[in-house]
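> Sequence:
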Amino acid sequence: MKALPLLLAVGSLAIGTAQARTVVLTPGDVTNGIEINAAIDQATQYGTEPGKVVFDGQHTGFSCFIGEDSPDSSKLTYIQYSNLQLVGINGADTGIGICNVLFADAPLENILIEGLKIDSFIEEGTGISAPGLSVRRNVTIRKNDISGAMALQAFNAVDWKIYSNTMGRSRDIVVSLVGMQDSEIIGNTISGFPGILMSSSPTQDTTGNRLIANRFSDSQGITLRGAASRNIVALNTGECPVVVLESATTQNKVLFNRAPSATCGPYGAVQDLGSGNKLFGNKP
0 MKALPLLLAV GSLAIGTAQA RTVVLTPGDV TNGIEINAAI DQATQYGTEP
50 GKVVFDGQHT GFSCFIGEDS PDSSKLTYIQ YSNLQLVGIN GADTGIGICN
100 VLFADAPLEN ILIEGLKIDS FIEEGTGISA PGLSVRRNVT IRKNDISGAM
150 ALQAFNAVDW KIYSNTMGRS RDIVVSLVGM QDSEIIGNTI SGFPGILMSS
200 SPTQDTTGNR LIANRFSDSQ GITLRGAASR NIVALNTGEC PVVVLESATT
250 QNKVLFNRAP SATCGPYGAV QDLGSGNKLF GNKP
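Sequential numbering from 0 applies to the sequence shown in numbering that gives the first Met the number 0.
Please note that a few of the clues may not be correct.
[Claimed, not checked] Listed below are the simulated DSS-like cross-link pairs for lysine-lysine, each with C-alpha atoms no more than 25 Å apart in a straight line:
no., residue 1, residue 2
1, Lys51, Lys142
2, Lys277, Lys160
3, Lys142, Lys160
4, Lys160, Lys51
5, Lys252, Lys160
6, Lys252, Lys282
7, Lys277, Lys252
Read the hints as simulated data drawn from the structure, not as lab findings. Keep in mind the model is a prediction, meaning the values are calculated, not measured.
Could you put the whole structure together from the sequences, leaning on the hints where they help?
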């Protein structure tokens with residue numbers, strides 16, 4: 000029986016090491032992405048353990064500074080490890096924002112970005128960007144305020160959950176999703192034209208996604224391009240057309256999307272140029 004406390008202690012230690020190591024940053028700790036990247040390295044032990052960086056906004060938010068004339072990519076927030084959480088609390092979704100978030104072109108998985116203000120401080124830059132053809136899996140982007148020339152661009156994303164974000168852009172597409180599969184884009188507020196553009200990548204089709212209850216302003220809404228198929232687009236609202244299905248699209252379900260009748264031309268809320276798509280309950 001005397002050995003029991005030792006066994007419990009060992010068990011508790013094993014559970015603790017399986018949990019994410021946490022590093023906390025405050026606005027005074029961050030001038031650009033260099034400090035954020037150092038915190039990511041520390042939290043994950045350079046990618047060898049699950050890690051969590053908590054951004055405590057202290058009710059003022061964060062401010063990132065990168066010179067437009069001579070941008071330094073090392074000052075971006077760089078995600079190169081799996082099993083990472085970036086979580087904002089206490090007003091971290093206000094203020095100027097943290098630096099652009101850039102995913103490495105690597106097979107990453109299990110990433111959470113939540114509760115942050117994220118902006119692009121480089122001309123033509125993107126708030127959150129996952130470029131390249133590597134597959135990034137199980138990424139959750141939730142309750143953030145994201146902006147840039149584009150707010151969000153992701154290639155070859157699988158099982159992403161993009162929930163309840165506010166997103167806007169200064170000059171290009173607000174959200175560009177290329178080769179996305181089996182993902183959910185739900186409850187986002189999107190401002191800018193066009194809103195969401197989904198297309199196939201050179202290595203991956205756009206299929207099995209659910210785009211539900213997103214709200215668009217000053218925006219065309221959702222465009223499915225290329226061979227996009229078997230996606231569900233439902234309950235989205237905005238100006239006409241809320242949904243555009245281009246010529247090669249097929250077998251998509253487009254249901255109960257709505258727009259004010261005053262903004263609609265001859266196609267109504269949905270413009271279907273594809274074949275075999277299922278439309279029902281869209282108004283007007």
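> Could you run down the list of hints and mark each one as holding or not?
Status of the hints after comparison with the structure:
For the hint linking Lys51 to Lys142, the alpha-carbon distance of about 17 Å falls within 25 Å, and the restraint holds. Of the pairs offered as hints, the one joining Lys277 and Lys160 holds, with about 24 Å between alpha carbons and a cut-off of 25 Å not exceeded. Between the alpha carbons of Lys142 and Lys160 the distance comes to roughly 11 Å, so the proposed pair stays at or under 25 Å and holds. Only pairs whose Cα atoms come within 25 Å are accepted, and Lys160 paired with Lys51 is accepted, the gap being roughly 18 Å.
Taken as a hint, the Lys252 and Lys160 pair is honoured in the structure, with Cα atoms around 19 Å apart against an allowance of 25 Å. With a CA separation close to 15 Å, the supplied pair Lys252 and Lys282 stays within the 25 Å bound. Restraint check for Lys277 and Lys252: satisfied, since their Cα atoms lie roughly 5 Å apart, inside the 25 Å limit.
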